[in-house]
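Trainee: Starting from the structure of chain P, add chain F where the hints point.
Take a look at the letters that make up each chain.
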Amino acid sequence: MNSGIDLQGTFIESLTDMGISPGLAKTMWIPLPMTLVIIGATVGVLVVVWLERKISAAAQQRIGPEFAGPLGVLQPVADGLKLVFKEDIVPTKSDPILFTLGPILVVIPVFLSYLIIPFGQNLVITDLNVGIFIWISLSSIAPIGLLMSGYASNNKYSLLGGLRAAAQAISYEIPLALAVLAVVMMSNSLSTIDIVEQQSGYGILSWNIWRQPVGLLIFWIAALAECERLPFDLPEAEEELVAGYQTEYTGMKFGLFYIGSYVNLVLSSLVFAILYLGGWDFPIPLDRLASWLGTSEDTAWLQVVTASLGIIMTILKTYFLIFIAILMRWTVPRVRIDQLLDLGWKFLLPVALVNLLLTAALKLTFPMAFGG
Amino acid sequence: MFKFLQQVGDYAKGTVQAAKYIGQGLSVTFDHMQRRPVTVQYPYEKLIPSERFRGRIHFEFDKCISCEVCVRVCPINLPVVDWEFDRTSKKKKLNHYSIDFGVCIFCGNCVEYCPTNCLSMTEEYELSTYDRHDLNYDNVALGRLPYKVTQDPMVTPLRELAYLPKGVSDPHDLPAGAPRPGKFPQDIIEATKAQEDSEKDKAEAAQ
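So the sequences go chain by chain: P and F. Mind the numbering: the first sequence is residues 1 to 372 in our numbering, read in order. Mind the numbering: the second sequence is residues 373 to 579 in our numbering, read in order.
Because the hints were derived from the structure by calculation, they are not lab data. Possibly wrong hints are sitting among the right ones.
As the list claims (entries may be wrong) - Cut-off 25 angstroms, straight-line C-alpha distance, at most; resulting in silico cross-link-like pairs (SDA-like, lysine to any residue): (1) F:Lys392 to P:Phe347; (2) F:Lys418 to P:Ala68; (3) F:Lys385 to P:Leu343; (4) F:Lys385 to P:Ala68; (5) F:Lys392 to P:Leu353.
As the list claims (entries may be wrong) - Quick list of the computed label-pair ranges, beta carbon to beta carbon: (6) F:Ala391 to P:Trp345: 51 to 59 angstroms; (7) F:Phe376 to P:Gly69: 58 to 66 angstroms; (8) P:Lys86 to F:Pro409: 25 to 33 angstroms.
Said to hold, decoys possible - Residues of chain P clear of chain F, computed beta-carbon distances all greater than 10 angstroms: (9) Gly23; (10) Ile55; (11) Ala57; (12) Gln60; (13) Ile63; (14) Val90; (15) Leu128; (16) Ser137; (17) Met328.
All of these numbers come straight from a predicted model, not from anything done at the bench. Idealized CB from N, CA, C, for every residue including glycine.
So here's chain P without its partners, still in its complex pose (with noise of 0.2 angstroms):
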């Protein structure tokens, strides 16, 4: 297996050759990406937004956005600068410190969470070796936020929003935990390189939906129930909480809600192609199928193709995904609180726990399959 294309590795080499320290390349290095993935997720909520509209129009035999840009593609960009533009009020008996803090700790974590996501063999940010579970742990903040925002507002409906979203986002992270690590224990490693390098090989026949159905399933319930999108939007339930915990908020502060929300659908769709749909691998092995062609593996324009593909690849999976959601939202009613924690407690977690142990114990009998 080649490594591909090594753009940091290319980057610090050609600065060092210029007579610059290493240390001080690789600091420069460092923002390049960071700035390039702040770019892309915010890019890829605007397509979100814009998807979301057009779906669910479609869905509802309507036409959707159709003047702002063809398409109506500008019109997540006019939504997000009427929000900018927007007065930032703050209510007289809130909690302002609280109050302008919680939208703050919804957001943060989330595009942290970037850090792991790879788009191909060396296009991430950081293979952290806890991999994973750093995505795991940085979701269970959000709560947080949202609950001081809940909080802060002084009001019934915020209020009781910010209590169900944490109650929904803890009951909802053990399921989605122990999905990641019946995964996890397939490849022996959480870095999220290794998961799909685990993956590779047969193309679509080595990803992990054909080893983790149940596992699968339960971890895209429980990323819906994560990114409180519709059968399990009940903390924003507008029907009877207003808009829950955003009820009080206006301007860019509701804007970082609004983001925060569906960047954090695209992470978990982007998770979900990691750790299932085998992340930036085509469905038939390109290594393969470029030696069936007699071309070398190391040949530069294969490893660009294979590179810009595996982008595509990601992203594509990514928003088959996010297409599942939208669709989602338009057929299944909202559940309700109990029913909620029911299926989290009662039906996901002990499901969760047998095909733990069940992966454990097809890890033992069959090795080569499921990565001994």
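Mentor: Only chain F this time, still in chain P's reference frame:
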């Protein structure tokens, strides 16, 4: 032990069923995505109001005999009829007439009961204003005729669902002369007349 296993089995069955229903639901939503939008792109396209549409009320000043029947049949006595008795002609003389469409519920009672048919319903429904007092129409405003949707060059008129040919549910790109389902009133009258005539002929022949 056996009971517990049965419980687990039932639960699993329920789960599978729920998953099946969600799958069916998803296929329905997915199918809807390929259908043509049913919406009307409002300021550019407008539906043609039906004949019995109850829109803004039209008033003909010269026909009014100031009988105030419209006021009596109105649920809230809304029309304001300002008249005085003209001693020379010994008739009521109407000075002003007004209806406040901010309060009117468009029930059509006044139109129904007006003895001289000076009140009638129009197809105008775009009544929004910046000030609610602008909705208080006086006899001049009430006397204006609405602009027809079919005559507006800026607007594509669309027929309502009941006025589309049989089996068609999309008003866009309809051939010009496509008739609506069912018979027109004049057709029904003709048909009944023809039937009556034939019955009469039969009766005469029998005699």
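Trainee: If a hint holds in the structure, say so; if it does not, say that too.
Mentor: We went through each hint and held it up to the structure:
1. F:Lys392 to P:Phe347: It holds: about 17 angstroms lies between the C-alpha atoms, which stays within 25 angstroms.
2. F:Lys418 to P:Ala68: Roughly 21 angstroms separates the two Cα atoms, so the pair holds.
3. F:Lys385 to P:Leu343: Holds, because 15 angstroms separates the two Cα atoms, which is no more than 25 angstroms.
4. F:Lys385 to P:Ala68: Violated, at about 48 angstroms.
5. F:Lys392 to P:Leu353: Since the Cα atoms of F:Lys392 and P:Leu353 sit roughly 23 angstroms apart, the hinted pair holds (cutoff 25 angstroms).
6. F:Ala391 to P:Trp345: 51 to 59 angstroms: violated (19 angstroms)
7. F:Phe376 to P:Gly69: 58 to 66 angstroms: holds (60 angstroms)
8. P:Lys86 to F:Pro409: 25 to 33 angstroms: holds (31 angstroms)
9. Gly23: holds (53 angstroms)
10. Ile55: About 7 angstroms separates P:Ile55 from the closest Cβ of chain F, which leaves it inside 10 angstroms; violated.
11. Ala57: Given a closest Cβ separation of 8 angstroms, the condition is violated.
12. Gln60: violated (7 angstroms)
13. Ile63: About 5 angstroms separates P:Ile63 from the closest Cβ of chain F, which leaves it inside 10 angstroms; violated.
14. Val90: holds (31 angstroms)
15. Leu128: holds (35 angstroms)
16. Ser137: Given that every Cβ of chain F is farther than 10 angstroms from that of P:Ser137, nearest at about 30 angstroms, it holds.
17. Met328: violated (7 angstroms)
Hint compliance for this structure: hints 4, 6, 10, 11, 12, 13, 17 are not met, and every other hint is.
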